[in-house]
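*Asks:* Please work from the sequences and hints to get the whole structure.
Residue numbers (numbering that gives the first Met the number 0), protein chains in the order written: chain Y, 0 to 390; chain V, 0 to 167; chain S, 0 to 152.
Source of the hints: derived by calculation from the structure; they are not laboratory data. Note that beta-carbon positions come from the ideal geometry of N, C-alpha and C, so glycine has one too. Accuracy of the hints is not assured; some may be wrong.
Said to hold, decoys possible - Partial selection, computed: residues in chain V whose CB lies under 10 Å from chain Y:
| id | residue |
| --- | --- |
| 1 | R56 |
| 2 | G60 |
| 3 | W61 |
| 4 | I69 |
| 5 | I86 |
| 6 | Q93 |
| 7 | Y122 |
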Amino acid sequence: MSELEIPIGPQHPALKEPESFRFELDGEIVRSVDIRLGYVHRGIEKACQDRTWIQCVYLIERICGICSHSHTTAFCQAAEQIAGIEVPRRALYLRSMIGEMERMHSHLLWLGLAGHEVGFDTLFMYAWRDREIILDALERLTGNRVNYGMNMIGGVRRDISSNDAEELSRALDVLEERIKYYADLALNETTFTARLNGVGKITRQQAIDLGTVGPTARSVGLKVDIRKDDPYAAYAEIPFEVVTAEGGDLMAAAQVRIGEMIQSIGIIRYILKNLPDGPVSVKAPRRIPEGEAASRYEAPRGEDFHYVRSSGGEKPERVKVRAPTLANINAVAVSMRGVRVADIPIIIAGIDPCFSCTDRMVRLEDSRAGRIETITWQELERRSRAQRDKE
Amino acid sequence: MSLDDAVRPEKEAGPDDLVKERELAAKLASGCPDAKMSVSNISRRRIWLVADPAGIRHVFGWAKEEWPDIHLSTISGLDDGDAMEVIYHFVLDQVLVNMKVRVDREHPEVHSISDMIPAADSYERELHDLLGVEFTGRTSTPRLVLPDEWEDGVYPLRKERKEDEKSV
Amino acid sequence: MLDRIVALSRASSPWLVHFNSGGCNACDIEVMATLTPRFDVERLGIQLKGSPRHADILVCTGPVTAQTKERLLRVYHQMPNPKYVVAVGSCAASGGIFQGCYNVAGGVDHVIPVDVFVPGCPPRPEAIIAGIAKVLDKMKSDAPKRRMKEARG
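*Replies:* Below, the structure is given as structure tokens:
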């Protein structure tokens with residue numbers, strides 16, 4: 000049964016951020032979980048108050064390495080709104096395009112990790128290999144695979160050439176085939192489905208009460224998507240479907256993410272075909288006038304919320320960021336009640352946590368039996384697989 | 000300030016395009032008299048208003064009934080030197096309401112709403128960590144984002160704190 | 000003699016342990032990308048292991064937040080000698096863009112000795128592999144020096 004303290008650092012080959020979960024157990028069943036964040040708390044909001052608006056964009060890009068464009072767009076939108084800057088339509092379209100590419104590479108990353116969590120390493124390799132196609136495209140368009148630096152207050156930094164557009168279009172064709180293959184594989188491959196069906200369930204009411212966002216919310220049938228509900232960038236002009244599923248379990252979450260990738264391909268194609276002419280940016284003032292704005296963005300993980308206030312200076316008065324994973328963490332806690340320890344890794348992976356957005360060590364407490372363990376994520380996964388292999 | 004004065008329509012939008020927002024603001028103000036709301040600004044899908052801290056629980060208790068799908072995006076906090084401002088950002092019918100309450104900045108205290116709106120739990124904890132806001136009515140307010148070793152009573156986002164003072 | 004064989008075999012199939020000290024994850028994902036078919040770091044015999052107790056090389060990312068400092072130290076001390084550290088990314092080198100932030104120590108070498116720095120924000124997988132290759136060279140050349148040191152007593 001359980002042993003005593005094994006303190007080792009939070010490290011794990013797949014889920015890379017350090018974070019802290021404290022599980023209260025009853026034998027092998029989870030009674031409750033307490034979640035302590037903060038391993039990646041760096042003090043960014045405070046730092047923003049001491050940096051110029053442009054410097055803030057650089058910093059905010061690095062809140063999270065997977066959803067950097069989400070954060071800079073949300074921030075730039077807020078600043079633009081306060082300053083009354085009208086961003087050129089071409090820039091709005093390009094912002095949306097990069098955002099969808101980010102969504103795709105993020106969802107493929109998730110698919111690979113989910114595969115890894117259920118022991119399906121082939122899926123991990125395939126998904127991450129195909130993810131490279133998007134990263135190549137992003138590199139061609141923006142100069143970097145990650146942290147693209149595409150946004151500026153007033154628009155985007157770079158335009159797209161017709162060559163780039165053609166290459167991107169070809170890349171999308173390849174990706175479309177691959178994603179259809181994943182859709183089939185992931186949903187019909189029994190080793191995968193058995194580990195996802197019925198696991199990590201939350202109800203619709205829980206999702207609403209807990210302020211759940213993104214694919215996790217859509218997995219209980221909530222038709223919420225900021226791109227439709229509170230359109231930003233070019234989304235008011237772009238046709239697409241909000242993907243939902245029923246069931247609230249991890250299978251539903253997988254269905255939503257895969258469906259969203261297909262939608263993203265459609266959105267990017269529409270953008271390439273209907274890209275408005277004109278400049279890609281307008282000059283922004285060094286001092287943003289006094290004012291405040293609340294900006295919402297549909298990041299790959301859900302609602303990314305930025306509240307920005309200016310007191311008329313070169314540096315913001317206040318930048319508040321609420322990234323999607325923080326909104327979803329409570330849903331995870333709830334969905335863990337009554338589950339087996341063996342299912343913990345996949346449930347946490349299920350919300351596609353980006354803890355650097357929000358901010359790993361796992362503590363297992365069986366207070367009735369008087370046992371406490373602090374283990375690594377790695378160890379938890381190992382036990383999870385061992386349990387699965389037994390079944 | 001009347002509702003009409005508060006409306007600042009956007010360039011393309013005429014006043015009629017903000018009907019939904021204006022009606023919603025009016026409904027909120029009249030539905031929660033305890034909160035003594037005053038609207039400071041209305042624009043597309045955004046309402047900004049100021050409320051009395053004593054009326055917070057009433058607002059959310061009532062809003063939950065009227066809009067069962069109410070979504071609390073987050074709770075922001077800000078030390079402006081004179082007071083502590085706590086801002087509730089919540090979505091009603093796709094309109095984002097930003098409700099500000101102002102409290103004492105040395106000993107900021109607001110009623111907790113985490114029993115009514117479970118989503119508020121994390122946001123209250125975060126505000127407590129970073130700005131020292133006390134949320135009354137909670138059984139506990141455990142740390143969320145600051146390290147265990149962080150000094151008690153030191154709130155990084157309060158105005159007196161300089162950036163490079165560290166407890167690392 | 001034995002030392003040399005051990006060093007060579009160690010250098011030809013090093014075991015890595017990875018640790019994120021509070022970074023944004025960009026570097027971590029590029030580290031992971033080195034495992035994928037496109038970069039395929041495993042053909043060099045490099046394997047990512049979970050436990051520091053079996054690792055030769057610690058690959059560290061992030062600017063070292065207060066909460067990770069203790070754990071980073073523990074991971075390092077659990078590694079058997081000889082051990083090597085690769086700091087991946089600008090943050091691991093100097094705190095990067097988070098220098099001066101209140102919860103950040105500002106670079107891995109504030110906490111443990113570092114053998115190789117791989118700068119970048121994030122560095123490409125190729126650069127990370129090159130950094131690891133540099134550490135392998137170091138491992139190979141360190142073995143005779145150690146033998147001499149031990150002979151001198």
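*Asks:* Look at each hint and say if it fits the structure.
*Replies:* Checked hints:
Because the beta carbon of V:R56 sits about 16 Å from the nearest beta carbon in chain Y, more than 10 Å, this interface hint is broken. For V:G60, the suggested interface contact is broken, since its CB lies about 14 Å from the closest CB of chain Y, more than 10 Å. At its closest, the beta carbon of V:W61 sits 17 Å from a beta carbon of chain Y; the interface hint therefore is violated under the 10 Å criterion. Among the interface hints, the one on V:I69 holds; its C-beta lies about 8 Å from the nearest C-beta in chain Y, closer than the 10 Å criterion.
The criterion of a C-beta within 10 Å of any C-beta in chain Y is met by V:I86, whose closest approach is roughly 7 Å, and the hint holds. The restraint placing V:Q93 at the interface with chain Y holds, with a minimum CB-CB distance near 5 Å, inside the 10 Å limit. Hint status for V:Y122 relative to chain Y: holds, with the closest Cβ pair at about 7 Å, below 10 Å.
When each numbered hint is compared with the structure, violations occur for hints 1, 2 and 3.
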